[in-house]
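Asker: Listed below, chain by chain, are the residues.
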Amino acid sequence: MPVIFEKSVPGRRGVLLPECDVPNKGEIPEKYLRGQDAELCELSELDVVRHFSELSQNNVGVDTVFYPLGSCTMKYNPKVNEAVANLEGFWNLHPFLPQLDRGGMFTQGAFQVMYELEQLLCEISGMKAFTLHPMAGAHGELTGMMCIAAYHRDKGNRKTEVLIPDEAHGTNPSSATIAGYRCRSMPTDKTTGMLDVMELENLVSDETAAIMLTNPNTLGIFNSDIMQVAEIARKHDAMVYYDGANLNAVLGKFRPGDAGIDVMHINLHKTFSTPHGGGGPGAGPVGVGETLEPYLPVSRVIKRTDGTYVLSYQYPKSIGYMSPFYGNFLIYLRALAYILINGKQGLIEVSENAVLNANYVMHRLKDVYALPYDRPCMHEFVLSAVRQAEKGIRALDIAKALIDRGFHPPTVYFPLIVKEALMIEPTETESKETLDAFIQAMREIAQKAQADAESIKAAPVTTSVCRPDEVRAARDIDLSYPVKRDS
Amino acid sequence: MGREGLKDVARLCMAKTTYAKERFRLIPGVEVVDCGPVFNEFTVRLPIPAAEVIGRLVERGIAPGLPLGRFYPGRDDLMLVAVTEKRTKFEIGQLAENMEAVLCQ
Numbered sequence: 001m002p003v004i005f006e007k008s009v010p011g012r013r014g015v016l017l018p019e020c021d022v023p024n025k026g027e028i029p030e031k032y033l034r035g036q037d038a039e040l041c042e043l044s045e046l047d048v049v050r051h052f053s054e055l056s057q058n059n060v061g062v063d064t065v066f067y068p069l070g071s072c073t074m075k076y077n078p079k080v081n082e083a084v085a086n087l088e089g090f091w092n093l094h095p096f097l098p099q100l101d102r103g104g105m106f107t108q109g110a111f112q113v114m115y116e117l118e119q120l121l122c123e124i125s126g127m128k129a130f131t132l133h134p135m136a137g138a139h140g141e142l143t144g145m146m147c148i149a150a151y152h153r154d155k156g157n158r159k160t161e162v163l164i165p166d167e168a169h170g171t172n173p174s175s176a177t178i179a180g181y182r183c184r185s186m187p188t189d190k191t192t193g194m195l196d197v198m199e200l201e202n203l204v205s206d207e208t209a210a211i212m213l214t215n216p217n218t219l220g221i222f223n224s225d226i227m228q229v230a231e232i233a234r235k236h237d238a239m240v241y242y243d244g245a246n247l248n249a250v251l252g253k254f255r256p257g258d259a260g261i262d263v264m265h266i267n268l269h270k271t272f273s274t275p276h277g278g279g280g281p282g283a284g285p286v287g288v289g290e291t292l293e294p295y296l297p298v299s300r301v302i303k304r305t306d307g308t309y310v311l312s313y314q315y316p317k318s319i320g321y322m323s324p325f326y327g328n329f330l331i332y333l334r335a336l337a338y339i340l341i342n343g344k345q346g347l348i349e350v351s352e353n354a355v356l357n358a359n360y361v362m363h364r365l366k367d368v369y370a371l372p373y374d375r376p377c378m379h380e381f382v383l384s385a386v387r388q389a390e391k392g393i394r395a396l397d398i399a400k401a402l403i404d405r406g407f408h409p410p411t412v413y414f415p416l417i418v419k420e421a422l423m424i425e426p427t428e429t430e431s432k433e434t435l436d437a438f439i440q441a442m443r444e445i446a447q448k449a450q451a452d453a454e455s456i457k458a459a460p461v462t463t464s465v466c467r468p469d470e471v472r473a474a475r476d477i478d479l480s481y482p483v484k485r486d487s
Numbered sequence: 001m002g003r004e005g006l007k008d009v010a011r012l013c014m015a016k017t018t019y020a021k022e023r024f025r026l027i028p029g030v031e032v033v034d035c036g037p038v039f040n041e042f043t044v045r046l047p048i049p050a051a052e053v054i055g056r057l058v059e060r061g062i063a064p065g066l067p068l069g070r071f072y073p074g075r076d077d078l079m080l081v082a083v084t085e086k087r088t089k090f091e092i093g094q095l096a097e098n099m100e101a102v103l104c105q
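In order, the protein sequence lines correspond to chains F and U. 1 is the number of the first residue of the first sequence in my numbering; add one for each residue after it. 1 is the number of the first residue of the second sequence in my numbering; add one for each residue after it.
Please keep in mind that the hints were generated in silico from the structure rather than gathered at the bench. Incorrect hints may have been included.
Unchecked claim - Derived pair list, reagent style PhoX-like, types lysine-lysine, alpha-carbon separation capped at 25 angstroms:
id, chain 1, residue 1, chain 2, residue 2
1, F, K25, U, K86
2, F, K317, F, K128
3, F, K448, F, K366
4, U, K89, F, K25
With the sequences and hints as input, model every part of the structure.
Answerer: This is how it looks when you write it as structure tokens:
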């Protein structure tokens, strides 16, 4: 497919601007003009629309294929959320407006969206207060860990380390490190797939600033010892951080705040269904219990007694600003629409169906792929391609073979504690027909791995690019293109 | 927009900003700060704190600019006005008329 520069036609344009309606033409002084025109494409609006439509067809997304990317919750995003986010009264707001004198009276609707979303997240999670500002899950982790660090500094605690399970998302140690702590890894119990509590008791000390947990964890297993973990932490004045990336498994079933969690983040773009392919934008609101509330970022939206809303900065212990303005506001709108449309019963069914779908697929595949932790899963599960690896077929080969069969691959090689990991998260929005088709494809690949391994190693054969050097493609990316210069 | 369209946007920004500056100069008590060439923004000095003027205009449904005292302590009388290609002569006039009215309050 040609790049857009090759489609350029001199003199063509998409938009004709209105005639200048002011008397003084105010020409830009010659000395400030560029020597030659910018090398921009010259296209009609239709040219541009067709170009980008074609590009979009060269991608796969959740609107085109089943996308069981473990730990990413690639559920279908209802289009009504987009309609809400496209209301002009919201997207046409300038973020400075509420910061101007009396400007807040023109942003009451936006404030109410933020306030009500915070209240709903508190109800869903059991936490006392939320900030919506973090702009991604990892940004939420950092915000939470900075609140923890501020708390310990405020109390004069000498804390040096954070304990993190060996199956954790890689962002957990990154966030803890940036917040100033050394990270220590805690082992997973090989029989239960849960954190080894005895090992935790050996590792925890008065120098422990926090324990970071994901529940259900990245093996898709719910840690039923979570309250015990919180009690152990409390004995050492350590905080418990809950990575809410997997919240889609427990809506209406388990509230982290009720289990003694001190701080957590929620990936709105995962659980509450806002499109996050291609890097987002996302939103990683952070919820805290009473102990950490004074440290939340500013600004915060508060509701006055007369029912109006205002931005408040009166939090002297706050960690300060974590994002420009208020975070990704249009993501809040989509998430709020999703929560309100589903309602309490709908959200419960979301999690029940997510868990049911994952267990269904797991049970239909565990005779052909190894299942290292063979117990009921939550919203996702982790298979291992160790049996196929004996024939030279690795998890990556299976992922590539799935592409030829019309499926986005699952997450591979994560969590790190499972060899040849295939981490599968079907989500609640997929039909049984889709799940069955995926199961059939996975079983067929397993069979081919035994009988015709070469055909799996050759995959994908249906894509324009087959097997790029994935490390170089990520780290040494070259997007340059020789543009024909005007003579 | 493309190659020609972006040039048109720039020309309109410049023309409308120049016009807005001239229009602001006609408002009693308002000084257009001459701090070199401008493109689509300019600074005005107001006879009362800019935040207060802005507040009065916001009540009339106009967000006229940013109070610069927020970014430059002690410059509370300065306001930064932005004019884009989307603003019309009528809107610029409306802003100026309302500015004049709130300064007389």
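Asker: Is the hinted pair K25 of chain F and K86 of chain U satisfied, with a Cα-Cα distance of at most 25 angstroms?
Answerer: holds (15 angstroms)
Asker: Given the hinted pair K317 of chain F and K128 of chain F, is their alpha-carbon gap at most 25 angstroms?
Answerer: Between K317 of chain F and K128 of chain F the Cα gap is close to 17 angstroms, so the pair holds against 25 angstroms.
Asker: Does the structure keep K89 of chain U and K25 of chain F at a Cα separation of 25 angstroms or less?
Answerer: Status holds; Cα separation ~12 angstroms.
Asker: Would you check the hint for K448 of chain F and K366 of chain F, treating anything up to 25 angstroms between C-alpha atoms as holding?
Answerer: Holds, at about 16 angstroms.
Consistency note: the structure conflicts with none of the earlier hints.
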